[in-house]
Structures are given as C-alpha cells and as structure tokens.
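S.K.: What follows is the residue order along each chain.
Protein chains: 4
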Amino acid sequence: MTETMLAARMHDVSAPMLLERIPTPEPGPSDVRVRVKACNIVPNLANVLQNWTTWFPQNPLPSLPAIFGLDPAGVVDAVGTDVKGFKPGDRVYVNPGRYCDSCRECRSNNRMHCQNFAFSGYFGLTPSSGIMLDRYPYGGLAEYTIAPQYSLVRLPESISFETGARLGYLGTGFAALRKAGVGPTTTVLINGISGTLGLGVALFALALGAPMVLGTGRNRELLDEVKALDPQRIHTHSLADGPVDGWVKELIAEGVDVHIDALGPGADHSVFNEGLKSLRRGGVAVNIGATAGPVPIDVHHMMDQQQKLIGSCWFSAGEGQAMVDMAASGAVDLSVFEHIVYPLEQVNDAISGISVRNGGFSNFIISPS
Amino acid sequence: MTETMLAARMHDVSAPMLLERIPTPEPGPSDVRVRVKACNIVPNLANVLQNWTTWFPQNPLPSLPAIFGLDPAGVVDAVGTDVKGFKPGDRVYVNPGRYCDSCRECRSNNRMHCQNFAFSGYFGLTPSSGIMLDRYPYGGLAEYTIAPQYSLVRLPESISFETGARLGYLGTGFAALRKAGVGPTTTVLINGISGTLGLGVALFALALGAPMVLGTGRNRELLDEVKALDPQRIHTHSLADGPVDGWVKELIAEGVDVHIDALGPGADHSVFNEGLKSLRRGGVAVNIGATAGPVPIDVHHMMDQQQKLIGSCWFSAGEGQAMVDMAASGAVDLSVFEHIVYPLEQVNDAISGISVRNGGFSNFIISPS
Amino acid sequence: MTETMLAARMHDVSAPMLLERIPTPEPGPSDVRVRVKACNIVPNLANVLQNWTTWFPQNPLPSLPAIFGLDPAGVVDAVGTDVKGFKPGDRVYVNPGRYCDSCRECRSNNRMHCQNFAFSGYFGLTPSSGIMLDRYPYGGLAEYTIAPQYSLVRLPESISFETGARLGYLGTGFAALRKAGVGPTTTVLINGISGTLGLGVALFALALGAPMVLGTGRNRELLDEVKALDPQRIHTHSLADGPVDGWVKELIAEGVDVHIDALGPGADHSVFNEGLKSLRRGGVAVNIGATAGPVPIDVHHMMDQQQKLIGSCWFSAGEGQAMVDMAASGAVDLSVFEHIVYPLEQVNDAISGISVRNGGFSNFIISPS
Amino acid sequence: MTETMLAARMHDVSAPMLLERIPTPEPGPSDVRVRVKACNIVPNLANVLQNWTTWFPQNPLPSLPAIFGLDPAGVVDAVGTDVKGFKPGDRVYVNPGRYCDSCRECRSNNRMHCQNFAFSGYFGLTPSSGIMLDRYPYGGLAEYTIAPQYSLVRLPESISFETGARLGYLGTGFAALRKAGVGPTTTVLINGISGTLGLGVALFALALGAPMVLGTGRNRELLDEVKALDPQRIHTHSLADGPVDGWVKELIAEGVDVHIDALGPGADHSVFNEGLKSLRRGGVAVNIGATAGPVPIDVHHMMDQQQKLIGSCWFSAGEGQAMVDMAASGAVDLSVFEHIVYPLEQVNDAISGISVRNGGFSNFIISPS
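Keeping their order, the protein sequence lines are chains A, B, C and D.
Using the numbering used here, read the first sequence as starting at 590 and increasing by one per residue.
Using the numbering used here, read the second sequence as starting at 590 and increasing by one per residue.
Using the numbering used here, read the third sequence as starting at 590 and increasing by one per residue.
Using the numbering used here, read the fourth sequence as starting at 590 and increasing by one per residue.
Keep in mind the hints are simulated off the structure, nothing from the lab.
For clarity, every value in this text was computed on a predicted model and none was experimentally measured.
You may find that some hints are simply not true.
One copy or any two copies: either way a pair holds, since identical chains are not told apart in the list.
Taking lysine-lysine pairs in the DSS-like style, the calculated list, with each CA pair at most 30 Å apart, reads [unchecked claim]:
no., residue 1, residue 2
1, 838, 816
2, 768, 676
3, 838, 676
4, 838, 673
5, 838, 768
6, 768, 816
Construct the complete structure from the given sequences, taking the supplied hints into account.
M.R.: Next up, the structure:
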C-alpha cells in the first residue's frame, strides 16, 4: 500500500473517465480495504453512465467525481478493528450491495429490502440511497476499494479473480433460481439465455439439477454454443423461429414450472409476455432482465392460473459464497468464460468495446493492480 | 328427499334459465348430497352466462343443459359410504372448487394448482377441466346439490345460510391476505374496497390485525359506509380525487406493505398500476380482481424494488373453515351484509337485478328450499 | 383378471400368513385396481406383525384376516369411473398413505397431516385411522390391490417393479431432505447410512447436490460399500470408533447444516443425541428412524443454538413421482440395489429371512403375479 | 453528557456489583450512545452471575470488570457518523443481540444464526462469541450504553421506558409465536403462562388473534390473574391438578396446534413432555424456556405425528419495532405490568429482591439516570 492510488474517475455525467492519483482510503472499523485485481465491466455500464440521470432522475448516481466499478475482486490489504472473519491476504469478491442497517427492513434482517439500498460504484436504488453511496464512494475501477465485511465472498484458490469479478451477474441469476425454488424436478425457461445474465442462470439451473433448461435468444450460433454445455438437458429456440410459448408447449404440454426473464434493455415486450404464457398453472416467473417500459401483462390469466411474477434484484454475499463453494466442489462449471482483460488505463476503451462480444461467454475485466 | 327436485337450468348459452323437475341425484361414495338453503348470485354471473364462450373459448362451461350456482349453503341430506366426517343434518357451505386428484399437482397435495381445476356450477379454469364439470354437474341453483367431502365447510350455528353462501368471494379475499402474509404489522391497500370482493378483503384485513387498511373506490357514499366499519384503521380515497399512489404516499411515505387488487372487470388499467406503484420496496401485490386485458406494468421498477405480483384464485375448504370459525369466535364481523333473498323461481330476475346494489354490502341470494 | 385372486392373509396377530383364494376386488369410482408385480418386504414388517398391538395399542392394525404389504408396484388393471389420469396398462407404484379428505387438515390440502392417516397394508397412525384401513383393506401381498388415484406414481420404463417397490423407504428419506432444504450448499449427516432407510437418504442427498454427506453405522464393510458410491463426497464413521459429534466437528468445525436420523429400532439413544450435537448453530435435524423410547434431549442447547427437530413420516405420491423422474433423467442412481425376489408362496420365509441381509443394498421383494 | 459516568460493575464472578465512575464511552461510526432511563433486571440474571462459568464454561461472560444489564431503554445522546436513521433525542429500546457480520450466516442475512451471537451485558452464545462482548462491553446498568444502529427499536411516545425495558422477554415470546405461525385460527398452549416469559407469550398470542390460549402454571392466584386478561379466550390449569395433556385433550380433542414452552429453570421435565403430548398431528412446539438437562422425549411419536420442536432464541430489532407499533396502535395491551423501579445504587438489592415477585406481572427496573 502506498499513500496514493490510481483511480478512474468520472467528473461529469457521460464524460470519459480520467485516470488520477488520489489518497488511498483507510477502512472504517467494520470495513476492509481490498487491492483490486479484477473489476467487471458489466454490459449495462455504458448505459448507466450516459443515461441514468435522464432515465432514473429520482435515484442517485455516486457524487462526482465518482469511481465506478460494480464487481471488484482482489486481495484484502487492511482490516478495520471490528473485522474478525477476514484478514490481510484473503482473496475476495466484493458484493457491491450496501445496506443502511437502520431502516425497518434492515433491522428485521431483510437487508435485501433496505430502503436505502445502493450499488457501490454504480447507483442507488431508492431516492434516499445517496447516503450509502456517500458512505462507500470507492468503486472497483481503482487500485484499492473499501468494502464492509458483510459484503465479502471468500474466493477458493481454484476461482480466479477474473471469474470472481463475474459473480454479480451470476449471483443475480442464482438468487432468481432460489426464489423460484428450482431443483431436480423443476423445468426452467430462460429468456435471453445466451446473454451475460441468462448464461449464468443456465449454468446454475444445471447445477441445481433442473431436468430441462429451455432457452431463447436471437443469435443461433450463440444458442448452439449454450446448448453444447449440456446437449441433453438444454433446449434452445431462436426468436426468429416463432413465439416462445408455442415452442415451449411443444416440449412440455402443460407448460414450464419456472420462467426467468433475463432479456436486455432493448428486448421486444412480446418476448417477456410469451415467457409468462409458457408457465403451467401454478408456475412462477422471475424477472431479472432489463426489459424497460410498460409491459402489457394479462393479469387476469395470471390470477386464474395461480401464477406469480417476482422481481428479483441482486443477491447476498452469502449467496455469493454458496456459488463459489459450488464451483470449488465441482457442482457448477464456471470455466466457460472467455476473459478479456484490460489495464485500468484502457477503461474507456473497455467500456465502449464491450458492445462487440461473444454473448455471455465474454467477460470484460479491468485489472487495476 | 323426493325422487325429483326442482332445478334452474340453462339450455343455451345466455338464454334465461328454465325451472324444471329432474331426478334428485345420489351421492357417490366420497360425496354428500346437500339440501340447498341459499345460493349466492355472484356479481359476475351474468357476464359468465353471456360472454364466457366468447371471452374464454379455450375453457369449458358446464355441459348444457346446465345447473349453475357457485356458492351453495345448506344441510347435508345423505352421505356416501366413504364419508366419515360429515353426517345428515350438518349445516355446510359447499366450496365449488373441484380437484382431479390425479395430476402431478394434486398428487403432490397442491390441489389448488390442479391442472383440471373447475368451479362446479360455474366454469372450468383449464382446457381439460371439463372432466371435473362432468363429474360434478350439480350447481347450487337447485333444491339439492352433490359435493365431495373435501369441499365442505361446517357452518357454526351462529352463521346463517345466507352468510355462508357469501363465503366464495370472502374466501378469495382471505386467501389473498394469507398469501401476502398480512398481520398486525402489515399495512394494506385495497383497490375496489367497496365492492363485493374488496369489502371481504377489508373485513378480514381488519380481523387479521392490519394496523392501516387503505381502500379506493368510485362511490363516495359507499366508501364512507366502509370507513364506518373501523374509522380509526380504515382510510378511503375516491378515484375521482386523484391517483392512488399519490394519496397512499401521503399517508405512508415509504409505501404500503401489501396491495390487494379487487377491481371489477371494467376498471381502468391505470388504477391497477397505481396500486403497484403504491408498494414499498419489498412489497407484495395480490390480484384477485377481474381487471381484463393487457395491463401495462413497469416490470423494471418491480425488479429494482424486489416486489412481487401474485395471482390468487379462490381458496380451500380449510380456509373457509378458518373463516367461519373466526366469525363464530367474534374475530371477524360478518353481520354487515344486507341479504336480498329470492325464491328459485325468480332466479332470472335475481341475476339481472343484481346490477342495482349497495356495493359489497348487498348479498343476493337464491333460496331453493 | 379372474374372479378370485391369491392373497396372503394373517388371521391372528403374529400368526404366519396363509395363502388363500378370495374374490378379486373391484375399484371404487376414484380408485384403480393394480396387478401386483412386486411388493416390498420392509425390514420393520416382522416387528409390526408381532409387536404392534403391544407397542402401539392405541393405533389400529388392519382388520383380521388382513392382507399386509406396504409398497406394491405393478400394472393398472381396471380404473373407476372418475379416474381420468391413469388407464389400464400403466406401470405404477402405489403409495400406501391414505387420507380421509374430511378432517380439517385434509380440507386444507395438508393431507400428510390427515387425522386419520393410515398405511394401507400396514397400520394406522392415529386412534381413529381404522376407517382408512377399512376403506382400503387390500395390501400388496396379493395378486391384486386397490388404490386411490391420488396414491399412484407413474413408473418410467427404465424403473423396474422391484425398484419401484423400494420407493417407500426412499421417499421417506427424500421427504426428510426436502423438509430440511438440502441442496448444493448443505452439508448432511446421516445416522444409519448403510441401512435400508439411510442408504436412500444418501442417494438422494447426493442427487440434490449436497457437497458433503457424512454417514455413520456399525458395519465397516457396509460403510465402505456406501462410501464407494461417491468417494469424494461421502465420509463414513463407524460407531465403534468414537462419538459421532467429535468426528463431525473434525471434518466441519462449526457443525453440519442438517442431520437426518435413520437409525433402526434397537439403536442406542446416545447416537441420536450425538447427531443433534453435530449441528451448527441454526441447524436442522429430521428424524425418520425407528429410535424408540424416551431420548434424553438437551432442549436448552437446541434453544440457544436456534435448532429444530422435525419429525417426518412418509411422503406424497407427488414426491414419489419426482423421485422416479429423477431416476429416469439420471439425476439419481437407483441401480445400486440387489433384489432378492420370492414368490407369494414364500412370504413367511421372506419375512423371517430378511434379518440376514447386506444392509440397505438388499431389497426383499415378493412377486405375486 | 459528562466525561465520566456511573456504572455498576462486577469485578469477580458472583461478587456484588460495585458502583464506579468510568469514562463515558464514545459511539463508533455505526453506533449510538444511549442515556439509559430504564434497564430490566431479568429473572435469570442472578443465576447467570453466579452459575454461568460452572454451567456453561464453553461460552463466555463479558470480560471483567463487566457492566451487565440486558434490556436498556433510554434516549439517544450521540450518534456515529454513519448513523442516518436515528438522532439525538430519539427514545429507544436497545436489543442486546449482537451480530458479527462476517460469518456465513451473517453474510446471508440470517443474522439470528450468527456464529458469534452474543447478548451485550449478559453472555455469549457460542465459544467464539467473546469478540462481540468485547466489541460492545457496555451493558445497561450504567448511565450510558453504546449500541449499534441495527439494535434499536424506536419507542412511540405512548410506551414508557419501563415498558420498553421489558421488550427482551416479550420479544422472545413474540418471535416464538411467529415461528409457529400463530394467528386467528391457531390454538396455543403455554407452559409457564404466569411467568415473565409466558405472560408475554399470552399477551401476544391474544394480539395475534389466537382463538384459544391454554396456559399452565403452579400458582392458582396468578393463573386467575392471567385468565382475567381475557376470560373468554384464556383457559388455565394448575400443574397440581393433573397432567397437562389430559387437560388439553378435554378442551380440544385432537390436540393443540402450537405449544410454546416457557418454563423456568427448575421445572419438572414431565411438564415439558406433557406439552409435546398435547400437540395435534402436524403440530408445532417451540421452546423458549429455561428447562435444563436432558428431557426424555418420545421422538418416535413426534415422527409418526409429523411434529416439530423448534428452539427459538431471542428476536430481531425489527420484531421489537413490530411489537411496540402494535402496542401504540392498541393491538396489544402492555399496560398490565407493575413496575418496581430501583435507582442504580440499589442494583444488588434489586437482583436479589426479584425472587419475591407477582409472577410475570412484576417488572423489575433499574433507572440509572
């Protein structure tokens, strides 16, 4: 550790990030400092940087100049006086979700429902969540970051920092599968299976034992690549080949048990709806995708058929720990990703370059140290 | 019991019912025969009789000529050889939900998710549900009906047949409150609080201890009548006075814990959406209303805020038993209804006359015997 | 089908069964008749036949002369008029659990809690359960049996009748694992892992993805045979080598997430308690074994450590269906059993012969037809 | 605030506390300082002070000299830099449960299962929990205490500090009722209903709507006083008048839905067992009492009857908030307590004097400021 560190900072909304030396931060009593070895450039980052203040003016960005960077992984470098479970040298992923610990939901230990929930290095989820961004202003696009002990996932030796930095989107999928109760007797449909989000859902649906994993997407080559992960259990369908629900009902006449929607922000609303229509009576849909705008949903049908639509946002560090433990034991295979690694100096190139990628298989990483 | 009984039968879709004498049916081994003392004329019956085959051509009506009648209450008159828990003379409500007991969900004891679920005396909920309508072809608009023992709710002496016949719409509300986990620390919003469905939700939300019950509707006089049930806990809002969510946030800044939508079939979609927007982060919406057509829902907001939309259809006989036990112990007050009773001979008048009513307070009943 | 069938009947408690010709029974409207191809001789049968009336005088045996036989598998031969989901020729396992459908729990669709729950062909679980034994008096030790449609598990072609007849003990273990929420992140301890019950728990714990399965038993050779099923995930310990909890804490310092107790009736109470002491704070124990008599439990420790002890009895047909579907898809391996098949004529030999067996790997079967 | 404060400290195990002036502590970034207006002297405190190191040598007491005091209530006096939800002047109860935020359970937001869970001002629950006692060494028997923001319950104006200081034992009962799912259709048996713990269970069972609350105890006068709280719903039974289960089955033939055991440390084991035997098939028992030593439990019966025994320890601050909100809205009546208030100087008298009390109605309070 030195007295200053290199950080990429955004001084104006949508302006390119500048590389600057700033004082290396000190951890508070319940925090750790992490030397960042890898930080994910998530597909949606460019959108957030450019459009957040227009699209979601009610919710805050980090105060400017801001260090972004959603999913850091690295090595614990210093620990606060009240940190007992982690020590310098520990390899960790930092879950960016931040809890206020004083709202009613936090005090009830429902911290994922925190009324001030924010993503450190990204944005806040509620109008009042700026207090959490101010409390944790160091995102992952810097040599060091500061993280509360509750946010840490211990990385087994067999998990690289690049894979660790992928946990955010993977965890979003894992939490959705858990909310839907997916296991060895549950069939699952995934809209957007070949994307960064959907591919993670598929990997963990397989790991949880789902006997049939149905996935839709646009790019047939990518769909084939996904199917190759488990040709017996995975079935894919190109959106160019007709409505999703028609295809699903051919494979499972009564419909699927669970639908996870992982579509990107530009997706056609009809695809979301076809996912809902693919459910069996009593089925459960979970939305983790970025489908935006008002989706015309047949709530009467959902009622008649006793169906649920669950909105699921992110995951706990404990769920992250479960995921890497599964990877370490061989229960899930996280070796399928192709890591594209940039130094911190090329952060702006990385953010704009991510538009050309091999679906969810590509993993864009900044390695600041 | 005599060899024949009087029954109202519909010979053609949307034709008036004819009063006819037909053979009195015998109960099967696990069924009982009930002498019907009261059968509800639910608000939606006229719609079903006239428009079902157009609106929901995929789902069956009872075979013609058909005996309709959704919610019968009466006296057990004969029992099958395998019926041990009920005996002639028992006062009962008959839950019209019918389970096939052979689909995967039934064999898993999730019978509310039965793939052949049907409402005896009303319609089937799935394309294959005609088998259940054929198995139980006797609705409540006749002197006798046949009901499986699993459908029976034992009526305490203090519950009249007229009140018992109201259990269907009440139970729909009760089951919704249970799915949402409503209790003494849960705030509840009810869209359509003064209607037949919404009023029942309000009564049981109070009984379950909800500290604040917020309700919306159109008719200010009816809303005042609802508020008078518990002026301290109930708050009402006329849709003419502005959007629902704005009003809710004035009363509870962070939003309500639970929203139950009990709107009628003609409701404006914006009201449904304002209900969703009234939820706090982590809140739960349950739809039991008849809102029809595609409702434009902001699924992205639901995801960000970890919110659920649950479709809930009907309730079990056990839930019905819980409700009448609560009424008997004084936990819920079911004395608020005004019963309008017709003989079976005036069934057609009753069906058309229900359009003029005092909101959910009116209870239209046919008394066939 | 012929007018009479061969059946093994017990005329006096603990007397040998007699082979007799009796009228072939007809199925009721919601029942099927099954031609029995295989019926399990469960390890505890001899005990039940000889000691039930002494040990559990409050709960009934089937009326004498009685046809016992807990777990039949065979071919549907005739169906009642109300059976729509099964037809003659279907290969099925018959779950012997019988529900009354009229008690409060049944009417709430909690049929596993039926107050008249009985095992057809075995015994009743409550003082009033004789009504269910009388309703279904035909156990599996006969050429034909009668079963309600809700009790049927459709056997995939790849599952033999001998394996199907093993579903009872397997399902008891599967249901316990489900109640404890076992999955890819849950460590599991099984007391009695090499027995008929415990081996099934182990097979399904592996199938559900448990990363560590710890098992105890007496016979070291059998324990080695169990460990060979998955040498990496399964760890075994002989009770001769010291207390269970000491061994467990060496492997998992904080204790196991879940303990399933599957000990036989003669087990030492200390082993049950060592299982409880092996739990981590917040851990869950499920008892499915036959440990009898008062077990001295430290309820204060369970309270301090937020632990649960769940009593779990049997499983639904839906859970049975899930299990065979998992076997058909390869998720669980049921090929490990050694079937010892007797004709119906040797039923008494089979019952007494089962005391000599290769632990849970042996599967004693009567093949009546 | 002044630079020093008065505190009662124990310098040796079982020695009387000494009144001393020590430096007034400063809150950490996520903590608040509370000026203590009332601190409960819980019935078990004398036992803990004298016998803990003998009875539970594996679990730590606070480091000596130690400030004890389990349940403080008072006024926030200073807040750390990261505390946003509370401010000086707020009236609060301090939940003494402390979480480490770094073990797997904490990082999964199951903080009640924290592997380092400790009661500040009382003792630790696990061998490693000393780290939490060292982190929060200030119990309530002093002019000021330090508390993390997650531990705070905001007291409505209508709740006095004396009542607030009672929340610990009340919350233990409330959490047990929630784990058992008690509501308007659940019958409840409470062993030890007239004690400090049991009386709280009774008050909240009534508030949650339980239709029948059955309670046992020794002192008939106290039982009568409890019954007078709601003569219609509460039924009491003196242990001198025969076994608990016999009495229960007379009132409810099939048994109670839920049993909460709140017996004191000296209770006869047979009473605990009679509580278990009072459960219906499928019933749930929760132990929150101090019954010590091995209780001989019939686990075979629990298995046959699908019953659970849940150990429940304490409650979250969110549950505490729910309780006082219920009191403020009138849903629960907490006005039944008789407060016996001592100044801090008489702390040793109070601790020894508590043995003479009017059952759970007496509330022994130290008022340090």
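S.K.: Hint by hint, note whether the structure agrees.
M.R.: Structure-based check of each hint:
| no. | hint | in the structure |
| --- | --- | --- |
| 1 | 838 - 816 | within (19 Å within a copy, 42 Å between copies) |
| 2 | 768 - 676 | neither (32 Å within a copy, 36 Å between copies) |
| 3 | 838 - 676 | between (52 Å within a copy, 23 Å between copies) |
| 4 | 838 - 673 | between (53 Å within a copy, 21 Å between copies) |
| 5 | 838 - 768 | both (24 Å within a copy, 28 Å between copies) |
| 6 | 768 - 816 | within (24 Å within a copy, 33 Å between copies) |
Hint 2 from the earlier list is the only one contradicted by this structure; the remaining hints agree with it.
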